[in-house]
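The task is simple: from the sequences and hints, build the whole structure.
Throughout the sequence shown, residue numbering follows full-length UniProt numbering, covering 1 to 55 in sequence.
The set of hints was computed from the structure by calculation and includes no laboratory data. Glycine included, C-beta positions come from ideal geometry on N, C-alpha and C. Careful: at least some of the hints might be erroneous.
[To be verified] Within a straight-line C-alpha distance of at most 30 Å, the following computed DSSO-like cross-link-like pairs (lysine-lysine) qualify: (1) Lys32 with Lys19; (2) Lys35 with Lys20; (3) Lys32 with Lys6; (4) Lys35 with Lys19; (5) Lys19 with Lys6; (6) Lys20 with Lys6; (7) Lys32 with Lys15; (8) Lys20 with Lys32; (9) Lys35 with Lys6.
[What the hints assert, rightly or not] Cβ pair distances, simulated, as ranges: (10) Leu12 with Asp33: 26 to 32 Å; (11) Asn49 with Met21: 28 to 34 Å; (12) Leu45 with Leu12: 41 to 47 Å; (13) Asp47 with Met21: 22 to 28 Å; (14) Ala13 with Leu43: 18 to 24 Å; (15) Arg53 with Met21: 35 to 41 Å; (16) Lys15 with Leu43: 36 to 42 Å.
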Amino acid sequence: MFGHSKSITIDLAYKYGIKKMRNDEMRQLYIKDIKELITPLGLELPDINRNRRVY
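Here you go:
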């Protein structure tokens with residue numbers, strides 16, 4: 001959510017508390033939260049890796 005995970009400034013973002021989790025950790029947490037919300041509605045998530053671009 002704050003740019004590429006291999007950015008040179010990423011260590012500073014962690015050091016100063018701007019960023020607390022890696023992008024993949026935030027993505028997994030978001031997916032988990034959304035899944036809990038939509039499952040009771042009888043919906044399911046599409047394939048989470050479909051059309052995903054990894055840099």
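The hints, checked one at a time:
| no. | hint | result |
| --- | --- | --- |
| 1 | Lys32 with Lys19 | 20 Å, holds |
| 2 | Lys35 with Lys20 | 22 Å, holds |
| 3 | Lys32 with Lys6 | 24 Å, holds |
| 4 | Lys35 with Lys19 | 24 Å, holds |
| 5 | Lys19 with Lys6 | 14 Å, holds |
| 6 | Lys20 with Lys6 | 15 Å, holds |
| 7 | Lys32 with Lys15 | 27 Å, holds |
| 8 | Lys20 with Lys32 | 18 Å, holds |
| 9 | Lys35 with Lys6 | 28 Å, holds |
| 10 | Leu12 with Asp33: 26 to 32 Å | 28 Å, holds |
| 11 | Asn49 with Met21: 28 to 34 Å | 20 Å, violated |
| 12 | Leu45 with Leu12: 41 to 47 Å | 34 Å, violated |
| 13 | Asp47 with Met21: 22 to 28 Å | 23 Å, holds |
| 14 | Ala13 with Leu43: 18 to 24 Å | 34 Å, violated |
| 15 | Arg53 with Met21: 35 to 41 Å | 20 Å, violated |
| 16 | Lys15 with Leu43: 36 to 42 Å | 40 Å, holds |
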